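Enquirer: What follows is the residue order along each chain.
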Amino acid sequence: MKLHWFTKQLPYIALFLLVATFQAKAGNVVHTISALNIKADAEFVEGDADKTAVLILHGFLTTNRFHTVLAMAQALQSEGYTTLTPTLTLNIPQRQNPLKCNSIHTHTLERDVIEMTEWIQYLHDKGYQKIVLLGHSSGSQELIELLNNHHDLGIKAAIFTSLFYLTGEEVGIQPNEVHFAQQALKEHRNQLYNYSFLFCKGNYYATPKSFLSYLKLNRPYILDSLKNLTIPSYTIMGELDKRYQTVGNDWLNALDKTGTHLTTIGGANHFFSSEHEFDLHDVLIQIMQNL
Amino acid sequence: MALGTKNFLIQPLKVYFLSFLFTGLVLLLFLNWSLYNEGQKIQQTVHKQAQVEAKKEMTAIFKKTLSELRHSLKALSEWDEVHQQLEDSSYYFYWHDDRLKESQYFNKHYDQVEIYNRQKTLLAPSSLEKISHKTLPLTIRSLTPTIVLTKNRETHLNLFEPIYSRSTEQILGYIGVSLDLLPYLQDENTFYHVDKRTLSFSGKGDIPLSQIMEQVRYQPIANPVTDYLWQLIQKFILQLIILLLVTSILLSMIFNKLFYHPLEIISQYLNRLKINPKEPQQLPQKTFYLREFQELQASIHNYHRDLQVTQQALDNQNQTVWDQARRDVLTNIYNRRAFDEAWNELLMNLPHDKVSTGFMLFDCDFFKALNDTYGHEIGDKVIRTCALTIQQALPMDCPPYRIGGDEFAVILQNKNIEQIIAVAEKCLHALRNYNFSSIGIKEKLSFSVGISYVSPGESTDFTNDIASLPRQADIAMYKAKQSHQDKVQCYHHQLESQAHALVSNETVNTVVNAIHTGENIEMHFQPIQSIKTGAVYFESLIRIQNNNKLIYPNDIFAVVQRRRLEVELDTQVIQAILRMVIAGKLPKETGVAINISGKTLLQPGFTSLFADFIPYLKSFKVVIEVTENILIDHMEYAQTVLNELRQQGFLIALDDFGSGYSSIRYLAHMPVDIIKFDMSMTHALKADHKTKNIIKSTAEMVLRSGYDLVMEGIEDQEMYDNAQEAGATHLQGYLLGKPNITPTLPKHG
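Sequence lines, in order, name chains A and B.
For the first sequence, our numbering gives the first residue as 1, with consecutive numbering after it.
For the second sequence, our numbering gives the first residue as 292, with consecutive numbering after it.
Wrong hints could be hidden among the right ones.
What the hints assert, rightly or not - Partial list, derived from the structure: chain B residues whose beta carbon lies under 7 Å from chain A:
| hint | residue |
| --- | --- |
| 1 | 371 |
| 2 | 382 |
| 3 | 505 |
Unchecked claim - Listed next, the in silico EDC-like pairs over lysine to aspartate or glutamate satisfying Cα-Cα at most 16 Å (straight line):
| hint | chain 1 | residue 1 | chain 2 | residue 2 |
| --- | --- | --- | --- | --- |
| 4 | A | 100 | B | 389 |
| 5 | B | 717 | B | 777 |
| 6 | B | 495 | B | 471 |
| 7 | B | 909 | B | 880 |
| 8 | A | 39 | B | 372 |
| 9 | B | 659 | B | 644 |
| 10 | B | 659 | B | 697 |
| 11 | A | 100 | B | 372 |
| 12 | A | 100 | B | 393 |
| 13 | A | 227 | A | 256 |
| 14 | A | 39 | B | 378 |
| 15 | B | 392 | B | 344 |
| 16 | B | 355 | B | 479 |
| 17 | A | 39 | B | 393 |
| 18 | B | 770 | B | 656 |
| 19 | B | 399 | B | 359 |
| 20 | A | 130 | A | 50 |
| 21 | B | 840 | B | 797 |
| 22 | B | 733 | B | 656 |
| 23 | A | 39 | B | 379 |
| 24 | B | 823 | B | 1012 |
Derived from the structure by calculation, the hints contain no laboratory data.
As the structure is a computational prediction, the values presented were derived from the model and not from experiment.
Idealized CB from N, CA, C, for every residue including glycine.
Build the full structure now, drawing on both the sequences and the hints.
Expert: Structure representation (structure tokens):
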């Protein structure tokens, strides 16, 4: 009788032990970005020791609690991968929430790269030698910039989801604003100004330096950088991402031509919402398993 | 006391109505006042409770406000962008002036939000030129929530919250908020007990939030239910008061119209009837709305009309009775009662009506003898004829009164003495000329008229003189009776002097005094002896001592008769004899005879005068002597009274038999035991043979009738013998004994 009851409860016990183990190794990590002297938060979940660690970077102005990021992390964690999902400080110590368009933006792409560099170092310090970078949206572009500038970080592979580019009139950048910012920067006038940038239409309140730093990630730069990557790269795109309307329907072809392993998830949007989240996870797990 | 209370309670209807109305009004007003008072108390209680609830609510709201603000401030302190400013305040003013106000963390009631560094100094004053208008300090002195009351009556709540490092408990800085408290409270809270429009703060300067309740001013929300209820109560009370007043006025009017006015009219009508009961009063021409009043008025009117008819009938009957009571049945002229009333009225009117007055008395001479001779029937005719004749001869305004058997009185006013005498002469002339033979009278009748008169101008004491007129007329008539020629006599003082002439003034005074006081009366006793047994009793004879001289009966009776003092004299004599009997001053086995006047016999208490003699009658003989005139004039009454005395043991003697006009036919019915022949009859025994025989026959008749016969005036033996021969049973005279103060038994015998 007792044996029967134990047999019946075994799956639950196993799940409890798994969750307990997972819970024990999961936690918020505060890490001081030494180069910037600013504290940054990250979610670090330790997986199997023999499995690759995945550093997941959120999209523009969001945090590591953004649902696509959380979902991807959990999917990887469920497969025993160690995940580290930092939140870029954007010059705010231990930033907790997404920034608004009209928040003061003084952060720069360079500082973001520095922060990512130190988080990779954090993983190394934790003993992880095989690290896969996983980015979502502009996080993917920032990882490309990271990989452009740092080839010695011991990154095993890079996975980009919803990868586009930031600059160009087709994506809403106003040339006059760019000119204005460039002029201001030249004249060392670092006052804040409302720009049009990505989804912030005319209300992206930023310093010229901050605004201009991200304009580096234009279409050719991304495609070239992607083409020139020294590590395997995988790109997962949603079939129905609305940004194709701005970057053009040939974007997928352009990506495909860079040599990245392009996967298009049918019906998925920019955030792989609803059931496409699982498609994304399946693709991710498959990529990770094939590495 | 009870009568006083009852009298007090007797008030007009209007007084009672107004009292009830006033009392009712006072009670209802008192009820109103009580209701109003209770309503006020409820209102005050509700108000107090509202104050308590308002205070509780305000306290809770301040507590909630503080909690909410702390919560908001906590969230603000944890906002990334606050941390961003602490990290790099280069764009603090942009963040402060723009970004902050667009964020979800900003409340429109925040007057000022500032970030302070960990040294509690303002991170970067955003608008230095406006710092004077800000309420947050440049440096935080205390983290205690503070109320800042400004001069322009703005109230700010300054709150500070530490900003902690996210990974440690280290304080990085402070966030400070200055809140425009009043609009915040009004906008962010729902008030149930406080009227938020009345919220205000008093005082100035900085005070801790904990003392806010001392500075806040507010009014509780007016409770619409109680306020409405109170309004209803006030309205109700006002309406009730108006209703009461209107009802009172209406009631007064209705009462006045329905009750008081009819009663007043009926009362006035009754008053008119009361004042003029014999006059017909017109029925008030008013219509009353109450049928009962209408009927009452008609009933009173009808009742009064019937009453008047009845009254008239009664008056007529009364007049008849009054007339009958004052009319002499025999003559149909006014009687003694009418005379007394007329005379009393005259006396009563004297003080106001002083006029010359005459008094006239008519008397038929020897009427009693006439009556005895011709009988009552003829006597009555004589009286009727006299009354009619006198009445016809008198003036119309001078009615005659029959005041005695054959005595008529006439009162004449506003006439002088000559006129009065002329009237008297006229009447006398008429009487003399009347043919009395037509009614069977064969001899000529004579009449006497006495007149007295007094005039205000001739009298010093008019009232007293008027009162003396009857007596004076009587004296004058007495004088007229004594005269054969001057049958009309006027009283004058000389007549009284003539009466007094027989006796001196001193004697008169002594007699009158003796009669009134009983002093100086001295009783003398003359023996009367039975021929058969020799038994003796004494006739009492009055004497009055006057300075060692005796006043004898002739003088005494002259005064008594003139002054009509017969009753008083008899009373004194009876008392004097009684005292002697009681004192044993009369010999034993004797008796005493007492003379009584006619006036005394007719007194109502006559028999009681002798009551004290009754115990002595067994051993003592008491004889009451009366004159025949009295017995004949008042036979019936005299029989009753004298028989009563006879039954008690007294003996009655008829005195002076034969001296008057006595009729032999009365002899058998005399209520007497003894007949006393007048002295003239005793003396007549010495006269001619024929007279002697008549007396003897008379004596024999007396004896045969069963009476004892006393012959008085026996002065010698011859008279003694004659009397004995004539049949006398008792003899009295000087032969047997003179009157003596000491009763002495006769020596003759």
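Enquirer: Against this structure, judge whether each hint is valid.
Expert: Each hint, compared with the structure:
Because the beta carbon of residue 371/B sits about 5 Å from the nearest beta carbon in chain A, less than 7 Å, this interface hint is met. Using the Cβ-Cβ criterion of 7 Å, the hint placing residue 382/B at the interface with chain A is satisfied: the shortest such distance is roughly 5 Å. Proximity of residue 505/B to chain A is violated relative to the hint, the smallest CB-CB distance being about 41 Å (cut-off 7 Å). With a C-alpha separation of about 13 Å, the suggested pairing of residue 100/A with residue 389/B holds against the 16 Å cut-off.
Using a Cα cut-off of 16 Å, the hinted pair residue 717/B and residue 777/B holds, with the two alpha carbons roughly 14 Å apart. Taking the CA atoms of residue 495/B and residue 471/B, the gap is about 15 Å. The hint holds against a cut of 16 Å. Restraint check: the Cα-Cα separation between residue 909/B and residue 880/B comes to about 10 Å, which is no more than 16 Å; the hinted pair holds. Simply put, residue 39/A and residue 372/B have alpha-carbon atoms about 15 Å apart, close enough for the 16 Å limit, and the pair holds.
Of the pairs offered as hints, the one joining residue 659/B and residue 644/B is violated, with about 39 Å between alpha carbons and a cut-off of 16 Å exceeded. Restraint check for residue 659/B and residue 697/B: satisfied, since their Cα atoms lie roughly 9 Å apart, inside the 16 Å limit. Pair hint residue 100/A plus residue 372/B holds up; C-alpha atoms about 10 Å apart against a cutoff of 16 Å. About 11 Å separates the Cα atoms of residue 100/A and residue 393/B, which keeps this hinted pair within 16 Å; it holds.
Note on residue 227/A and residue 256/A: the hinted pairing holds, with a Cα-Cα distance of about 10 Å set against a maximum of 16 Å. Taken as a hint, the residue 39/A and residue 378/B pair is honoured in the structure, with Cα atoms around 11 Å apart against an allowance of 16 Å. Between residue 392/B and residue 344/B the alpha-carbon distance is near 36 Å, which puts this suggested pair outside the 16 Å criterion. Of the pairs offered as hints, the one joining residue 355/B and residue 479/B holds, with about 10 Å between alpha carbons and a cut-off of 16 Å not exceeded.
A distance of roughly 27 Å separates the Cα atoms of residue 39/A and residue 393/B; the hinted pair therefore is violated under the 16 Å criterion. Taken as a hint, the residue 770/B and residue 656/B pair is honoured in the structure, with Cα atoms around 12 Å apart against an allowance of 16 Å. Restraint check: the Cα-Cα separation between residue 399/B and residue 359/B comes to about 14 Å, which is no more than 16 Å; the hinted pair holds. As the CA atoms of residue 130/A and residue 50/A are separated by approximately 9 Å, the hinted pair is consistent with the 16 Å bound.
A distance of roughly 12 Å separates the Cα atoms of residue 840/B and residue 797/B; the hinted pair therefore holds under the 16 Å criterion. The suggested pairing of residue 733/B with residue 656/B holds, with an alpha-carbon distance near 15 Å, which does not exceed 16 Å. Annotation: proposed proximity of residue 39/A to residue 379/B holds, straight-line Cα distance about 14 Å (limit 16 Å). Distance check on the hinted pair: residue 823/B and residue 1012/B sit about 13 Å apart at the alpha-carbon level, within 16 Å; holds.
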